[in-house]
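Colleague: Spelled out from the first residue to the last, the chains are:
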Amino acid sequence: MPSSRRRFLERSGLVLSGLALAGASAESIVADTGRFDADTDESGSGSTHDWPMARYDPAGTGHQPAATGPKDGVEIAWAHDPPEWFRGTTSPILLDGTVYAVGDGLLALDAETGTKRFGVPGPYRSTPARARASVYTTETLATTAPTGVFGLNAGGGVDVPLRERNVGIERWGGPRGPGGGLLGPGEPTTPVAAGGTVYVPIPGTNTVAAVDPNDGSVRWRRTHHADDPISGPYNRPAVADEAVFVTAWPHQATAYDAETGSQRWHREIDDQMVLPPVATDEGIVVPTRESVHLLDAGDGHTIWKRNLDANVTESAPAVADGTVFVVDELESLYALDLATGETLWTAPFDGKTSPVVADGVVYAVRSQFELVAVDAATGEKRFAYEPDQIPLSTPVVGDGILYAANRERVIALREEG
Amino acid sequence: MTTDDDAAATGERRRPADSRRTPTDTRTVLGAVWARVRRDPPLLIPFAVTGLILALADVLRTRDPIPIEPTAALDQTVTVQFSLYPSGTARTARGVGALVDLETPYLLRGVGIELAVPLAVGVAGWLTITRVLDGQRRLDALARYLCLPVVLSVAPRLLGSPTVDVGLSVGLVVLLAVSFVSVRLFLVPAFLATGLGFGAAIRNSASRSRGQGWTLFGLILVLGIGSWALATVPIAGAFLSTAIVAPVHAVAMAVVLDRRFPSTDTPTDRDRR
Numbered sequence: 001m002p003s004s005r006r007r008f009l010e011r012s013g014l015v016l017s018g019l020a021l022a023g024a025s026a027e028s029i030v031a032d033t034g035r036f037d038a039d040t041d042e043s044g045s046g047s048t049h050d051w052p053m054a055r056y057d058p059a060g061t062g063h064q065p066a067a068t069g070p071k072d073g074v075e076i077a078w079a080h081d082p083p084e085w086f087r088g089t090t091s092p093i094l095l096d097g098t099v100y101a102v103g104d105g106l107l108a109l110d111a112e113t114g115t116k117r118f119g120v121p122g123p124y125r126s127t128p129a130r131a132r133a134s135v136y137t138t139e140t141l142a143t144t145a146p147t148g149v150f151g152l153n154a155g156g157g158v159d160v161p162l163r164e165r166n167v168g169i170e171r172w173g174g175p176r177g178p179g180g181g182l183l184g185p186g187e188p189t190t191p192v193a194a195g196g197t198v199y200v201p202i203p204g205t206n207t208v209a210a211v212d213p214n215d216g217s218v219r220w221r222r223t224h225h226a227d228d229p230i231s232g233p234y235n236r237p238a239v240a241d242e243a244v245f246v247t248a249w250p251h252q253a254t255a256y257d258a259e260t261g262s263q264r265w266h267r268e269i270d271d272q273m274v275l276p277p278v279a280t281d282e283g284i285v286v287p288t289r290e291s292v293h294l295l296d297a298g299d300g301h302t303i304w305k306r307n308l309d310a311n312v313t314e315s316a317p318a319v320a321d322g323t324v325f326v327v328d329e330l331e332s333l334y335a336l337d338l339a340t341g342e343t344l345w346t347a348p349f350d351g352k353t354s355p356v357v358a359d360g361v362v363y364a365v366r367s368q369f370e371l372v373a374v375d376a377a378t379g380e381k382r383f384a385y386e387p388d389q390i391p392l393s394t395p396v397v398g399d400g401i402l403y404a405a406n407r408e409r410v411i412a413l414r415e416e417g
Numbered sequence: 001m002t003t004d005d006d007a008a009a010t011g012e013r014r015r016p017a018d019s020r021r022t023p024t025d026t027r028t029v030l031g032a033v034w035a036r037v038r039r040d041p042p043l044l045i046p047f048a049v050t051g052l053i054l055a056l057a058d059v060l061r062t063r064d065p066i067p068i069e070p071t072a073a074l075d076q077t078v079t080v081q082f083s084l085y086p087s088g089t090a091r092t093a094r095g096v097g098a099l100v101d102l103e104t105p106y107l108l109r110g111v112g113i114e115l116a117v118p119l120a121v122g123v124a125g126w127l128t129i130t131r132v133l134d135g136q137r138r139l140d141a142l143a144r145y146l147c148l149p150v151v152l153s154v155a156p157r158l159l160g161s162p163t164v165d166v167g168l169s170v171g172l173v174v175l176l177a178v179s180f181v182s183v184r185l186f187l188v189p190a191f192l193a194t195g196l197g198f199g200a201a202i203r204n205s206a207s208r209s210r211g212q213g214w215t216l217f218g219l220i221l222v223l224g225i226g227s228w229a230l231a232t233v234p235i236a237g238a239f240l241s242t243a244i245v246a247p248v249h250a251v252a253m254a255v256v257l258d259r260r261f262p263s264t265d266t267p268t269d270r271d272r273r
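Taken in order, these protein sequences are the chains called A and B. Just so you know, the first sequence maps onto residues 1 to 417 in the working numbering. Just so you know, the second sequence maps onto residues 1 to 273 in the working numbering.
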């Protein structure tokens, strides 16, 4: 009778502590341990302008419907010069008026003024994902380092004298990667938060895990090519409709049940190089080196495939209002009809980029050095901005402002003039 | 000293006054501990109960949704898991940081567990030491004694354990310094349990440990490695290390102190009985 035993242990804990639980019975604790709630959308609450994870939402669309950004040109609204340890290369996130930027640590800035709320050095490298932690009053920011997955306190913890870092800023260290290897430590991976769970490829492995945002414990994990060194880690997962869609080199496209981790379907894509997927109402957009595929979310069969003769190795697509925005990393930015895969327009664009979309504008950073804004309806170039420093991260879009990490600073860009 | 201690102790009785001040060896002290425990088995009860509490705390920490950290020492090949005060080695630990910004019910639960463990360890140590020394049990002494496990268990979790990469030679110097300090402070808990203040306890410990360095260093190694080895036992590790090593530590302190206290040259009330 595990439940009875657990209840006994819960109660024993209370006897042991000699403290009465204020306003909550042991049963309520058992019932509230953060099990998966498919109706909870991590991106849909808080401020309407929140951008809570890389690519905005669990599906990975890169499209914030409520956000607006500059349209005809940008100027710096503020630039924050962070401590020396900060190295900003990945996109920040925006939560309730605070910009969180990760780069060898976590930096929290006031979104309006750029003043620092807190900052702590650490091994953290990936864009964080905001996850609701049911036992905490503040949210957990899941991030990764080459060594593993970490849960940080979005509230910043408590400043204690004699300590370099706030107490409670690092809530947990979750699943660990193998650390060093023949080719050095693994690259940090991008976590996604959805329904009270963090879905994250474990750095340096071919494993994707569902992690509890309360304590970093693993709810399930799945590995492809476990004993094959010639394979690659999972890309950023896309989560929608209680399923986790993952892709990996070589040929891998798989759907897992978000709660149990059981496999729903698995496809071997023609191309070896498979890039991060995007979950949409029409199906799962799966970009590969040369093509873009739309797979059926239910069984993985191909709905359409569009060969762009591309040479994509790092970019991810954005999807907004029935259009897929994707580059070929050669010379063009494409707008494809989500339903058919047909080209709506193309625009000159060389280099790698994972664009984001807001209020009818596509924002794409060209090979980490130039921000280009393109009209989402026509492909017309609206403006370009080249900062003093490189690299420039993919921006996130808030209330008329773009926020980006820019090497040794974090910048906010507003409409020019 | 008791009248029916081990053979070594019996041998010493032929030279009564000086033998109590003569430095003895680790094996002799452990023999005396064994004899003392065999003569008075209830000495084991406080730490047996505390061992159960530590094991239960391990289970509760593992099952609740608050983050835990596995005890780092259990991953090592061999570790001297010595604590200044008699204690066991838990298989799980929880940093203070994991308690920051918890919802109130979980905060009470988490703080309760983390306080209950050092308090139970402290009470058990105080009961065991005072029983061996046949001393008076005073609440102010208990309060001072409890400060040891509470402060020494909370402070590292709050301030973090310093980790510095150093070379072999510097590491050896640090190791020697830590060993020296540990030896000199070995008897502090016993003096606190008998009612001395912190300053007096430290001074007396430093004074009484002179000439006993190797004996105490041997005890530290035996207790530290024993605590680690028993803690590596799955599930029961916390209980075993607490129920076995902690009372040995407590009784060993009392035995060493008993031999070194001039006042104990005269038989205690229990000896008379």
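FYI, nobody ran anything at the bench for these hints, they're computed from the structure. The C-beta atom is built at its ideal place from N, Cα and C for all residues, glycine as well. Treat the hints with caution; some may be incorrect.
[What the hints assert, rightly or not] Pair ranges (Cβ atoms, derived): (1) A/E164 with B/V170: 48 to 56 Å; (2) B/A236 with A/S367: 29 to 37 Å; (3) B/T62 with A/E164: 27 to 35 Å; (4) B/T62 with A/T115: 38 to 46 Å; (5) A/D228 with B/T77: 25 to 33 Å; (6) A/E164 with B/V154: 16 to 24 Å; (7) A/P161 with B/V49: 33 to 41 Å; (8) B/T62 with A/T137: 41 to 49 Å; (9) A/D228 with B/T62: 27 to 35 Å; (10) B/I225 with A/S367: 54 to 62 Å; (11) A/D96 with B/F198: 42 to 50 Å; (12) A/D257 with B/E69: 45 to 53 Å.
Colleague: A separate judgement is required for each hint: does it hold in the structure or not?
Modeller: Each hint, compared with the structure:
1. A/E164 with B/V170: 48 to 56 Å: For A/E164 and B/V170 the Cβ distance comes to about 21 Å; the hint is violated.
2. B/A236 with A/S367: 29 to 37 Å: Since the Cβ atoms of B/A236 and A/S367 sit about 58 Å apart, the hinted range of 29 to 37 Å is violated.
3. B/T62 with A/E164: 27 to 35 Å: holds (30 Å)
4. B/T62 with A/T115: 38 to 46 Å: For A/T115 against B/T62, whose Cβ atoms are near 41 Å apart, the range 38 to 46 Å holds.
5. A/D228 with B/T77: 25 to 33 Å: Cβ of A/D228 to Cβ of B/T77: about 31 Å, so the range 25 to 33 Å holds.
6. A/E164 with B/V154: 16 to 24 Å: holds (19 Å)
7. A/P161 with B/V49: 33 to 41 Å: holds (37 Å)
8. B/T62 with A/T137: 41 to 49 Å: Given about 23 Å between the Cβ atoms, the range is violated.
9. A/D228 with B/T62: 27 to 35 Å: holds (34 Å)
10. B/I225 with A/S367: 54 to 62 Å: Because 57 Å falls inside the window, the suggested range holds.
11. A/D96 with B/F198: 42 to 50 Å: For A/D96 and B/F198 the Cβ distance comes to about 47 Å; the hint holds.
12. A/D257 with B/E69: 45 to 53 Å: violated (30 Å)
In this structure, the hints that do not hold are numbers 1, 2, 8, 12, in rising order.
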